[in-house]
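Build the complex: two chains, separate frames, hints provided.
The residues making up each chain are set out below.
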Amino acid sequence: MKLIKFLLVGILFGIIMAKSEAVSWYRIQEMFRFQAFHMYGIIGVAVVLGAIGTALIKKFKLKDVTGTPIKFEPKEKGWKRYLFGGTIFGLGWAMTGACPGPMFVSLGYGYWMFALAILMAILGTFFYGVVKDRLPH
Amino acid sequence: MHQFISQPWPWYVSGLAISAVMFLLVFFGKNFGFSSNFRHICAACGASKYSKFFDYDWRSYMWSLVFLLGTVIGGFIAGNFLTSTEAVQISEATIQDLGELGLAAPTGLQPTEIFDFNQVATLPTLVLVVLGGFLVGFGTRWAGGCTSGHAISGLSNLQLPSLIAVIGFFIGGLVTTFLLLPLIF
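Chain order of the listed sequences is L and R. Converting from the first sequence to the working numbering requires adding 18 to each position, the first position being numbered 1. Converting from the second sequence to the working numbering requires adding 114 to each position, the first position being numbered 1.
The following block holds chain R by itself, in its conformation from the complex (with noise of 0.2 Å):
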């Protein structure tokens, strides 16, 4: 059991685990949106101060900081007790596109060449990690949401809003790929 739960596991079943965690959600009489976390977080460290736009009961929102604290237990759980020794699974085709960029083929979940610490004062982590954490903080507050209140909740209340964003999501992903990430590397 515990080898079969390790292996990397297939798009369907995380698929419809995703949708069950969202009607849990439901159920449990709130909606599923990861990215309000970080106004609320900026609301409790007294951000109201600057801007009336954090000047609410950040504290009856706990249930979903609470979500956010067993997210990393999960990513904890999952890379302590569930790790299988694969890399990455990607295609043949990805990883060639990305050695052209001079990245080396998966090893483990995330690329070293980004993510170790030892590299925290090159271009591409600078970028990537401090411009791209920011830009991800900015856009799904003004989109309003980001992949889980956007893509899953919204395209799932067939709301067109939602498909602007998504749209957008693409537009946007589309051109770090194609056009900054051949920049950065």
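So that you can see chain L by itself, here it is in the shape it has in the complex (with noise of 0.2 Å):
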């Protein structure tokens, strides 16, 4: 029962998602051309007021409901993984038109093809998963 209050919230980000069209091909296609403010908005204003609650739950050192404080941990240093990794990550973006969440956001929607990007991001993880130690981090 203590899982229910993830599936909701879970929920919630699905019809966001879905509702604001962050989930489209298409919108993802008109940020990558610099065509609208759309996608910058909704990323931007979800930036802005997570630094906000993120300074602000630092300054007061507040802590979560099961009482312990609060912590963020910070990114491993370093540039490689970020910049190889994302830029790979980027090019299936803007060819799946679809982020990691949104692809199951879609599913649901009755985008039944987005099994099949689904299938092969668990493939993808998978063999980054065998080849890791290989690559620069």
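The set of hints was computed from the structure by calculation and includes no laboratory data. A couple of the hints might just be wrong.
With a cut-off of at most 16 Å between alpha-carbon atoms, the simulated EDC-like pairs for lysine to aspartate or glutamate come out as follows [as the list claims (entries may be wrong)]:
#, chain 1, residue 1, chain 2, residue 2
1, R, K166, L, E91
2, L, K150, R, D169
3, R, K144, L, E91
4, R, K144, L, D82
Covered stretches of chain R, going by a simulated chain L footprint (3 or more residues, C-beta under 8 Å) [said to hold, decoys possible]:
#, region
5, 207-220
6, 284-296
The beta-carbon is built from N, C-alpha and C at its ideal position, and this holds for glycine as well.
Structure below.
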């Protein structure tokens, strides 16, 4: 039953992403062609509010529902994995028109082809796990 | 009310709601990062036999897989009970650019030229869905996150690695958009 709240937040996230058209291949094309503000507005508002909230949580040392102080883990230092991995993801993002979350939202929406994209993404992650020690990080 | 929420939502509502989702997860003692689920699914399927990368207690991330299930249900609700009849309102310039590639103006949320099952054996679908999906799974794990983990959570926490990752996202996205799509269509 502890998991129910995550289901509800997931449902909320799915509805938001679908209703703001952020799951649309067309919207991602429009973003990468810099032809509308829509996607930049979505991500920009989320980041600005996210940064304010994150700073407030740190300043007031807020705790989570279990009473544990909230910690934001810094990302590992370095740049190679972020630049190379990020670029590979970017190639795929513009191809499928979907980052990982929206793939599942579109599947639920009724676009069954995303089952194939998801299966391939799972295989892509599996492949990373197998070759990871040979990649620069 | 129903008609009101069935319209496409403006960007500021969406941005606000996404940050709310992130903070709900943070206050539940978790974090907002979607692409790790691909790793958890691999681990749950027994991928630890092939790589130590998948040798961890994936069951402790059940909350994340439940969140994932929620997104599918959210998509289902939006697609069945909150649909607007309108096609995606992308800009005229984008419609024109995509038209030059041979794509029709939007009639729904996704282009039928790519995501219709009758197209499964065509070159655009094979490349964009099959290869594209693979690159999303491979790239997100190499980069250690996707749009939620890096662009939203990471930038919110002012992480330089996340900024580098987002720059990478755009390099890749621009290469696909301007170099690969004209070759594929």
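Violations among the numbered hints, reported as their numbers in ascending order: 1
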